[in-house]
Amino acid sequence: MLSVSTGRRWLSVAVVLVTGLLLGLVLVIQGRGAQSRAGLALPEPGVGVLAAPRSIPAFHIRQAVPPAGAASVVPNISGRQAYDVAQQLFGVRSARSIQVELSLYSDDVFGGTDRKNPTFQNVLAWVVTFHETECPEAPAEPGQTQPPAMIIIAVDALTGEFMRGYSVCGPVEVK
Amino acid sequence: MMLRRIGPLSLIALLLMVLVPTLGLGSRARAAEPDCGNNPGDAARWAVGYGSSDTYPEFLGAQAVNRTRAGAVCKDKPYSWNYVEIIVRVSNWYRSRWVSAGHRVLGHTNQRFIWANWRAATSGGSMSAFGPATGVGGLHTYTVGWRDACQCLVAKWDGGDLAETGINPYNWERPSRVDWIGSATYRRSDVPGSPSARSHFDQIKAQRQSDRVWIASPCGRAGFNDSRSKWASVAAACDDAEVWTYNTCISCAGPAAVARELPIVGRKRR
Chain A
1 MLSVSTGRRW LSVAVVLVTG LLLGLVLVIQ GRGAQSRAGL ALPEPGVGVL AAPRSIPAFH
61 IRQAVPPAGA ASVVPNISGR QAYDVAQQLF GVRSARSIQV ELSLYSDDVF GGTDRKNPTF
121 QNVLAWVVTF HETECPEAPA EPGQTQPPAM IIIAVDALTG EFMRGYSVCG PVEVK
Chain B
1 MMLRRIGPLS LIALLLMVLV PTLGLGSRAR AAEPDCGNNP GDAARWAVGY GSSDTYPEFL
61 GAQAVNRTRA GAVCKDKPYS WNYVEIIVRV SNWYRSRWVS AGHRVLGHTN QRFIWANWRA
121 ATSGGSMSAF GPATGVGGLH TYTVGWRDAC QCLVAKWDGG DLAETGINPY NWERPSRVDW
181 IGSATYRRSD VPGSPSARSH FDQIKAQRQS DRVWIASPCG RAGFNDSRSK WASVAAACDD
241 AEVWTYNTCI SCAGPAAVAR ELPIVGRKRR
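Chains A and B, in that order, are what the protein sequence lines are. Read in the numbering used here, the first sequence has 118 at position 118, and its numbers run on one by one without any break. Read in the numbering used here, the second sequence has 22 at position 22, and its numbers run on one by one without any break.
Quick caveat, the hints were computed from the structure, so don't treat them as lab data. Check the hints yourself; a few may be wrong.
[Unchecked claim] Some, not all, of what chain A presents toward chain B, calculated at C-beta under 10 Å:
1) 46
2) 49
3) 59
4) 87
5) 88
6) 89
7) 106
8) 138
9) 147
10) 151
11) 153
12) 166
13) 169
[To be verified] To give an idea of the chain B side of the interface with chain A (calculated C-beta under 8 Å), a few residues:
14) 128
15) 139
16) 149
17) 160
18) 161
Cβ atoms here follow ideal geometry from the backbone N, Cα and C, with glycine treated the same way.
One chain only, chain B, in its complex shape (with noise of 0.2 Å):
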């Protein structure tokens, strides 16, 4: 009786209504949210920096100061470990084997670590350290560089030590290269900052490896790269550079927007 009432039709267009929301049909058409993505390999990461080259000296360390900014944090994506991070980095020519020093936000936590990243052999795992929260807004220098009496690169939070590594870039593939690197786990979303509060990595150095002294970075390249293949486009910037996501919709947008709307921006001061 009550099926006559209705009507088949307005029972299936009811059910319609409830099913669309409920398997998220309509997501696309959402704006101004992460892209959490569906695959961890997707990772997206902004880089800022310069690998060894010909054109430079080989390095063995690199350091920048960066203030904690928040961002918007991807918290409902199927891979359970979800972060951002803003590091410093040195890896072998492969970037296979690395250490890496900075800040990361978990966004299933929304807590936030200061943090240290290594991996010591290509086949083998990474290990990190975490420590205390650092606060939004707070001006630390992050570095990772050479030390005699370890005689490996070790990871530091302004005058402390976040992690010795044991790992002398020396037995790596070399030249090594040293990047300045804003990244989340997931396809686009905020890299800790904003278009109004950008992510700033200051007073970049970089440690020569044939006398282990820390230069200035210099300037004239900036670039970034926002690619399935993470590492595709590594390019160099000045002593100087920003790095931040509007946070648009990118599906929406299409890559060659994708590419306008994500800029890191190195800026010229000498």
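Same shape as in the complex, but just chain A (with noise of 0.2 Å):
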């Protein structure tokens, strides 16, 4: 027989038990939101000039290599800072890579008609790619799954403006 006091010990001991497992719980449960608010790790962004001559067809966006030590391809902000204004229109939580990448940047559709007089032709630009990230469209039935998508955000080099973004999900030519 259990004494009233060693009963009471056990309850309290319970008490602690439940009290050390419950609080467990909800940090754990804190952590977890806390995780999905952030998203998936973010690796640094790679920052540097484009190496080579870029485009992807169906986009009709084209980056060229900009010519070394001109004054005219000096850009007023950094890498860095063209990828935070990326960031803080689009807000990217994963992807396997990022690169921030000077190059001219052409867009031969965008804001013209018929190809003609489009908005961006060689603008020097960062050029912001996520690759493999999470797809930015709902799935277009209930239940599907989408592709990992790479993301594209051009931001002019010497404005800071935001100029176009591109989504693709699943593969795309990129030559």
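Mind assembling these two chains? They're in different frames, but the hints should get you there.
Below is the structure:
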């Protein structure tokens, strides 16, 4: 037979244990919530100058290597600042890798008509590219899963203004 | 000693007071909050417009004028890409391939974009093009239409191109459908607009396939779709229609009340 005082001691121990378990549960849930809000860890963006010309025909965008040493190709904002602009707008939360490259950016469609007078031609821009990120579109039908996406965001390197953003869920040809 | 003074029951009660709000167990009692849902597949879409049918000629273009509206946007959603949008859209018969143009608000950053989206193949992913922000109150024309030069559908914003998609609608499952849509990626919340400042599709037009002439949408039918199967009840509308949500406590009201509270009204003018 347990005495009354022994019973109270066990009750106290049980209460402490349950309290600990519940507090642990709360901390775990709060931790997961914070992780969810923050998203998956983002790698540090790699910042540099475009090494070779690149284009994405599906989007009609082209990037050229800026001529070295010319005064006209000195950016007013850093690659990191351009990355911050992109993130302030789009809030990308996960990616396998991130490139931030200085280039002469052309969009042969946007703002024009029939490919005439497009808004951006050979603009010195930081182009921020998120590789293998979450597709920014809801699935076409409930229950479908979306393939990983590439997101491209062009920021004017002189003014710091957002120019254009593109996303593609699934593969896309990059030349 | 402390435990004896407080008492185990008091301690448990104290814990429950902390836990209940922490776990959100009381959230159903909240009113006037967007229902963010927990699955991007539950995206809600409110649609006005009409698809091609035996009644109407076949179309390959859609256009509308829309004034950019603000609206409550769900910010705390498990799906990280969280948006509301107003679009015009042309799609194949199964609505598995499409081109759309409109404007979109990203909930998690509260940023507003002009936006085009297209999907060339049923099995493939979609592509999007985002342009600089469109301010609340601005009046803009959004168009998806045929262009001879590329033999494809283009998405336009006012007079300028948003995207040239390379998609030839003559190669997809016809007849094509045209829609004017307000949608959100979560279960229920505002599309851009509110009861007092509704998102308004005006001058709704469709491009006739036979001669590629733009004609006004006929009046007489209006409807909305608000189900898990997004496209279950797309209906016809006039050339002037509105879409908005009341943003009320849906989970409290129940499905029948939901249908009454979320109207899309097509206003007959002719």
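Do the hints match the structure? See the list:
For residue 46 of chain A, the suggested interface contact is broken, since its CB lies about 22 Å from the closest CB of chain B, more than 10 Å. A distance limit of 10 Å between C-beta atoms decides the matter here; for residue 49 of chain A the minimum to chain B is near 25 Å, and the interface restraint is violated. For residue 59 of chain A, the interface hint holds, the least distance from its beta-carbon to any beta-carbon of chain B being 7 Å, beneath 10 Å. A hinted interface residue such as residue 87 of chain A counts as satisfied when its beta carbon comes closer than 10 Å to some beta carbon of chain B; here the least separation is about 8 Å, so the hint holds.
Interface hint status for residue 88 of chain A: upheld, as the beta-carbon distance to the closest one in chain B is roughly 7 Å, under 10 Å. Taking 10 Å as the C-beta cut-off, the interface hint given for residue 89 of chain A holds, the closest approach to chain B being about 5 Å. Proximity of residue 106 of chain A to chain B is violated relative to the hint, the smallest CB-CB distance being about 14 Å (cut-off 10 Å). The beta carbon of residue 138 of chain A comes within 4 Å of a beta carbon in chain B, closer than 10 Å, and the hint placing it at the interface holds.
A least Cβ separation of about 5 Å between residue 147 of chain A and chain B falls short of the 10 Å threshold, and the interface hint therefore holds. Against a cut-off of 10 Å between C-beta atoms, the interface hint on residue 151 of chain A holds, since the closest Cβ of chain B lies about 9 Å away. Given the 10 Å rule on beta carbons, the hint for residue 153 of chain A holds: about 8 Å separates it from the nearest Cβ of chain B. For residue 166 of chain A, the suggested interface contact is upheld, since its CB lies about 6 Å from the closest CB of chain B, less than 10 Å.
Taking 10 Å as the C-beta cut-off, the interface hint given for residue 169 of chain A holds, the closest approach to chain B being about 3 Å. Annotation: residue 128 of chain B was flagged as interfacial toward chain A, and the flag holds, the nearest CB pair being 5 Å apart, inside 8 Å. A hinted interface residue such as residue 139 of chain B counts as satisfied when its beta carbon comes closer than 8 Å to some beta carbon of chain A; here the least separation is about 19 Å, so the hint is violated. Hint status for residue 149 of chain B: holds, given a least beta-carbon distance of 5 Å to chain A, under 8 Å.
A least Cβ separation of about 5 Å between residue 160 of chain B and chain A falls short of the 8 Å threshold, and the interface hint therefore holds. Of the supplied interface hints, the one on residue 161 of chain B holds, with its beta-carbon coming within about 5 Å of a beta-carbon of chain A, less than 8 Å.
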